[in-house]
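Engineer: Residue numbers (this note's numbering), protein chains in the order written: chain A, 145 to 413; chain B, 124 to 419.
One or more hints might be untrue.
[As the list claims (entries may be wrong)] Over 12 Å on every C-beta distance to chain A, these chain B residues come out as not near it, computed from the model:
(1) Leu211
(2) Val219
(3) Asp296
(4) Thr337
[What the hints assert, rightly or not] Now the stretches of chain B that chain A is said to cover, found in silico as 3 or more residues with beta-carbon under 8 Å:
(5) 136 to 147
(6) 151 to 159
(7) 188 to 196
(8) 390 to 398
[Stated by the list, open to error] Negatives, chain B to chain A, calculated, CB over 12 Å:
(9) Thr125
(10) Ala126
(11) Pro181
(12) Arg243
(13) Leu318
(14) Ala347
(15) Arg359
(16) Ala361
(17) Ser372
It is worth saying that the hints were derived from the structure and are not from the lab.
Idealized CB from N, CA, C, for every residue including glycine.
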Amino acid sequence: MSAQPRTQAPFGRRTLTVAERRAVGAYVVLAAEDPDGPLPRAVQFYMLSAARRWGGGADERPFLPRAFSVLRASDDRLEFMLEAVGPGTERLCELEPGDGLDVTGPLGLGFPDPTDDRRALLCGGGVGTAPLAIWQDELLARGEPAPALLGFRDAEHAPGAALLHNARVATDDGSHGHHGLVTDLLADELDSGPAAVVYACGPPPMLEAVRALCAERAVPCQLALEAGMACGFGACFGCVVALRAGGYLRLCVDGPVLDGALLAEVPAH
Amino acid sequence: MTAVDFCGLRLAHPIVNGSGTFDAIAARRAFGDALLEHFPFAAFVSKTITLAPRDGNPPPRLYETPAGLINSIGLPNKGLRGYLEHDLPELAFLPVPLITNVMGSTAAELCTLVEALDERDEVDALELNVSCPNVSTGLDIGADPAELAAVLGEVRPRTTKPLVVKLTPNTADVAAVAQAAQEAGADAVSLINTLRAYAPHPRRVGAAWLGNATGGLSGPAIRAVALAQVRAVSARVAIPVVGMGGVQSGLHAAHMLDAGATLVGVGTESFRDPAAGTRISRELDDLFAKSGDNLG
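Starting from the given sequences, assemble the full structure and let the hints guide the process.
Structural biologist: As structure tokens, this is what we get:
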């Protein structure tokens, strides 16, 4: 793998204006104008919070910003894929055009390029689809085929697959596409072409299944992980992941994407 | 900007960071030289350095509470040698004085740390984290006035640099501990550290969330407690006090100064906005400009 790219963030939190909110199945895609921010790399993330009424929700939260990898970005606009699962995401999903969205970012490192003539294979689960969309755009623009395999809970969530091009879809309940796990599709793909590098993002059990499958077949994989994160820029030391070799890495400054070979397993949290 | 004298250090304004709430080296990776051009604090306090390297606690390490955060980080650091060799040369680029925070589990460990840092010109002052048990006596060094006085009696002669004692709020009478620190030669005290706290698993009653079960609570949730403790300590000691705990605005900083603090520490708020220190010092300036001595 080549050295991972990082676009540095402007120093400090800035307030963007929400330009659009649209439903994609069970998800919300939130777009905000960011005329002064730099273009992020694929899988870089932003710390997001609502400029107003951030707090006072369920259990008197949220308090801290929430980390989201960017779904797509252009010169003056950022898009994020959200699912309301707690007090922070619920508030973010309520935001409407004209509302303020506080952001710090882009943060973290981007995906490293494929090397050794291996083809990129994208593998996502649920809201973890987001960083694969911007990455697929970039790979396709370079003329590299970047097939996507996406797993969702059910048909209500499966429309998230439309955010990528030509994705093969699996659902847990079989209500859309392949009935089973996205790693079933990944095993198929690796059967037909093992000279691949897998880029994966999704819930921890899925990432662990991807890691184990790739390790078994000696296929390199880049895993975009998630962990509870207070700051996003290395200050809080909260978002650590245990390494196979011992010790920890902070996902915010040394990730969020890690080479699967660094991990003995993907942590369940 | 209101310049402040703190233990002989001339600071451009009264806002500093709480130890362990800002990693200037990591932040420079994320934000580049813009960090140095707009450095948010008038002095930089390092995270706690221990004699031996520490990996820190097993995750999860964070838990969001109403208006606050429980952390159980476990003081990960490269150890004294790693700090001297790798971190100090990078921290020397900061445009503000450097206060290095150290912790030892015995007086002898603290003496070694303080002596080694005393030799380094890059370090302008030292802060002792005494929120830990003395493994020799089994007592929390910072929880008991006599224990703290005994440890400080050994450590104080090892440096001529200003020595700040970071007090723990997890004690019966923090003012008595502060007084003991003053009598044993501390040049300043800082408070409050985090309040001991427990985070239940959000989905499994009976289970702990944090990898280390208990942690420390910070953020606006503890601001009222911090103000009471800073007032009590300021009333008891003559040495400067660094007040911190839940400060999010210039008005909160003014309340901390009014409680008797000379400097104000910003911690958890920097997690929400890395440039919070800059905003808070500007708001504080505006308040002074509007109201003179009357902070209203």
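Engineer: Now tell me, hint by hint, if it's right for this structure.
Structural biologist: Verification of the supplied hints:
no.: 1; hint: Leu211; verdict: holds, 17 Å
no.: 2; hint: Val219; verdict: holds, 15 Å
no.: 3; hint: Asp296; verdict: holds, 30 Å
no.: 4; hint: Thr337; verdict: holds, 15 Å
no.: 5; hint: 136 to 147; verdict: holds (count 4)
no.: 6; hint: 151 to 159; verdict: holds (count 6)
no.: 7; hint: 188 to 196; verdict: holds (count 7)
no.: 8; hint: 390 to 398; verdict: holds (count 7)
no.: 9; hint: Thr125; verdict: holds, 22 Å
no.: 10; hint: Ala126; verdict: holds, 23 Å
no.: 11; hint: Pro181; verdict: violated, 7 Å
no.: 12; hint: Arg243; verdict: holds, 23 Å
no.: 13; hint: Leu318; verdict: holds, 16 Å
no.: 14; hint: Ala347; verdict: holds, 15 Å
no.: 15; hint: Arg359; verdict: holds, 32 Å
no.: 16; hint: Ala361; verdict: holds, 33 Å
no.: 17; hint: Ser372; verdict: holds, 14 Å
In terms of the numbered hints stated before, the structure departs from hint 11 and from no other.
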